Amino acid sequence: MTDHATGKVFAVDDLKAWYGESQALHGMNFDLGEGELVTLIGRNGAGKTTTLRSIMGIVKNRTGSIRFNGEDLINKRTFQIARAGIAYCPEERDIFSALTVSENLSLPPVLRPGGISDKDLLAQFPNLERRKGSMGTKLSGGEQQMLAIARILRTGSRFLLLDEPSEGLAPVVVKEIGQQLLKLKALGYTILLVEQNLRFAKSVADRHVLVENGRVVDVMTTDALEADMARVKSYLGV
Amino acid sequence: MFDGISTQLLFSQLLIGLINGSFYAMLSMGLAIIFGLMNVVNFAHGAQYMLGAFVTWLLLDALGIPYWGALFIAPVVVAAFGLITERIVLKPLQDMDHLYSLLATYAVALIVEGLVRQQYGSTGLPYSTPIPGGINLGFMYLPWYRLWVVLFSLMVCVATWVLMEYTKLGAYLRAATEKPDIVESFGINVPRMITLTYAFGVGLAGLSGVLAAPVYQVSPSMGSTLMITIFAVVVIGGMGSIMGAVLTGYLLGIVEGLTKVFYPEAANMVIFVIMILALIFRPNGLFSGKERSL
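First to last, the protein sequences are chains A and B. Per my numbering, the very first residue in the first sequence carries number 961; after that it's consecutive. Per my numbering, the very first residue in the second sequence carries number 96; after that it's consecutive.
Hints are computed from structural coordinates only; laboratory data are not their basis. Please read all numbers here as calculations on a predicted model, not as lab measurements. C-beta: ideal position from N, C-alpha, C; glycine also. Careful: at least some of the hints might be erroneous.
[Claimed, not checked] Looking from chain A toward chain B, a few residues come up when the C-beta cut is under 10 Å (computed):
no.	residue
1	1040
2	1043
3	1092
4	1093
[As the list claims (entries may be wrong)] The calculated DSSO-like cross-link candidates involving lysine-lysine, where the alpha carbons are at most 30 Å apart (straight line), are:
no.	chain 1	residue 1	chain 2	residue 2
5	A	1145	B	186
6	B	263	B	274
7	B	263	A	1092
8	A	968	A	1145
9	B	186	B	263
10	B	186	A	1098
11	A	976	A	1145
12	A	1036	A	1098
13	A	1036	A	1092
14	A	1193	A	1145
15	B	186	A	1162
16	B	274	A	1098
17	B	186	A	1143
18	B	263	A	976
19	A	1162	A	976
20	A	1162	B	263
21	A	1079	B	186
22	A	1162	A	1193
23	B	186	A	1092
24	A	1036	A	1020
25	A	1193	A	968
26	B	263	A	1135
27	A	1193	B	186
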């Protein structure tokens, strides 16, 4: 269900967030249409991860508005936000060391119809099938990333927040993750992706939200980004 | 068997050790579950155990409800007390240093103990055994009730361990122990899970209290004296490890019993000597790494 006034499924308006006394977000504004894949791009410490954690309610000290399917989530708890249909894959992957691959995969409950079954997930991520009896943290970085993405797909949530899935992975694994994201996009998933790897971001996303010092400084389509790389690189500091 | 030591003494002390071990195991298991999920050392555990015994006594004294009824009712009453404690005392402190929660549980222990003492006095109240009699095994006399305590507590420990290790609920608990934010981001109501887990751990203390009522005198200080040993058990077994807590509980009960036979003077301190050795040589606990920790 999209917001009829804006045609957007998800919109963040004047989102501010604090860690203790220190303000990390200074009024973020951006939105996503249904089925869109949008990246948050910016240098380290710009506030990308904090934006995702604030959307999920993990950073609790936040103000502004987070509208999803017409509902404001700013006063909701993390588990209620998840139940509203948003799934989160953290930067650290956060695979549980006390659980096997199978247990990690089947841990998130099915929250709504339309989730991918465990059988289909294992078919989609064959490496996990081979290692399903191993303890979660015994997997390679790439396998852990696949597991972190796969497990949130079983919940039935159609809006995914992915925090730097390409980080620290070999190019061949990054390419595979890119293919998986494109597959999900083709299936109609809406995806907000935090990314520092520009090449990877350009290969998968429709639009890019450039973040600096906890604010959105620009929103560009992939074509516009290609055309003005010098500006983007100045934001990224590369 | 051994020079100067009768078989009867040896086995009767072994049985006492096993009985004490049953209480050590059940109490330290509850403590380990609570610590595993909340990182809070529940100093009120002894008071909650005492409350279990007192509720058992009160149910009989005031309402005429016998032991077998109390076995179900008292743990639920004590768990409800735990639930209220968590909501009123621990929840407001959850984002602060865990030391505050520890001190708060200690305050709860002192308040509960003080109130019971004021109402019923310090003297122990007797509670007659629900299964009188026993069996003469030739080398020793085994009272039925003590056999029941050992078997029932063993059953509770195994059931709890299976619940934690092999069920979906157990997987949620183990996962929330590691990364509560992430488990909550899956749509699981972690705050409620924490409340219920605390209530469950407290309920286990209450259940131990019910079992203890006919064995020991029901008195306000019965929990606080036992708790020092229980903390030692948890430290030796490994903080937050259920299997470690249970095995160490039985093991130390038996070691204590055997020490009473062979060197009675050391019986009261043997557990603490083991604790010091464990802290020096295996600071993570004797059973750390042997199981998937909670």
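Verification of the supplied hints:
no.	hint	result
1	1040	8 Å, holds
2	1043	5 Å, holds
3	1092	14 Å, violated
4	1093	13 Å, violated
5	1145/A <-> 186/B	41 Å, violated
6	263/B <-> 274/B	16 Å, holds
7	263/B <-> 1092/A	16 Å, holds
8	968/A <-> 1145/A	16 Å, holds
9	186/B <-> 263/B	25 Å, holds
10	186/B <-> 1098/A	35 Å, violated
11	976/A <-> 1145/A	29 Å, holds
12	1036/A <-> 1098/A	35 Å, violated
13	1036/A <-> 1092/A	34 Å, violated
14	1193/A <-> 1145/A	26 Å, holds
15	186/B <-> 1162/A	45 Å, violated
16	274/B <-> 1098/A	17 Å, holds
17	186/B <-> 1143/A	43 Å, violated
18	263/B <-> 976/A	37 Å, violated
19	1162/A <-> 976/A	27 Å, holds
20	1162/A <-> 263/B	40 Å, violated
21	1079/A <-> 186/B	39 Å, violated
22	1162/A <-> 1193/A	13 Å, holds
23	186/B <-> 1092/A	37 Å, violated
24	1036/A <-> 1020/A	10 Å, holds
25	1193/A <-> 968/A	28 Å, holds
26	263/B <-> 1135/A	34 Å, violated
27	1193/A <-> 186/B	46 Å, violated
Consistency note: the structure conflicts with the earlier hints numbered 3, 4, 5, 10, 12, 13, 15, 17, 18, 20, 21, 23, 26 and 27.
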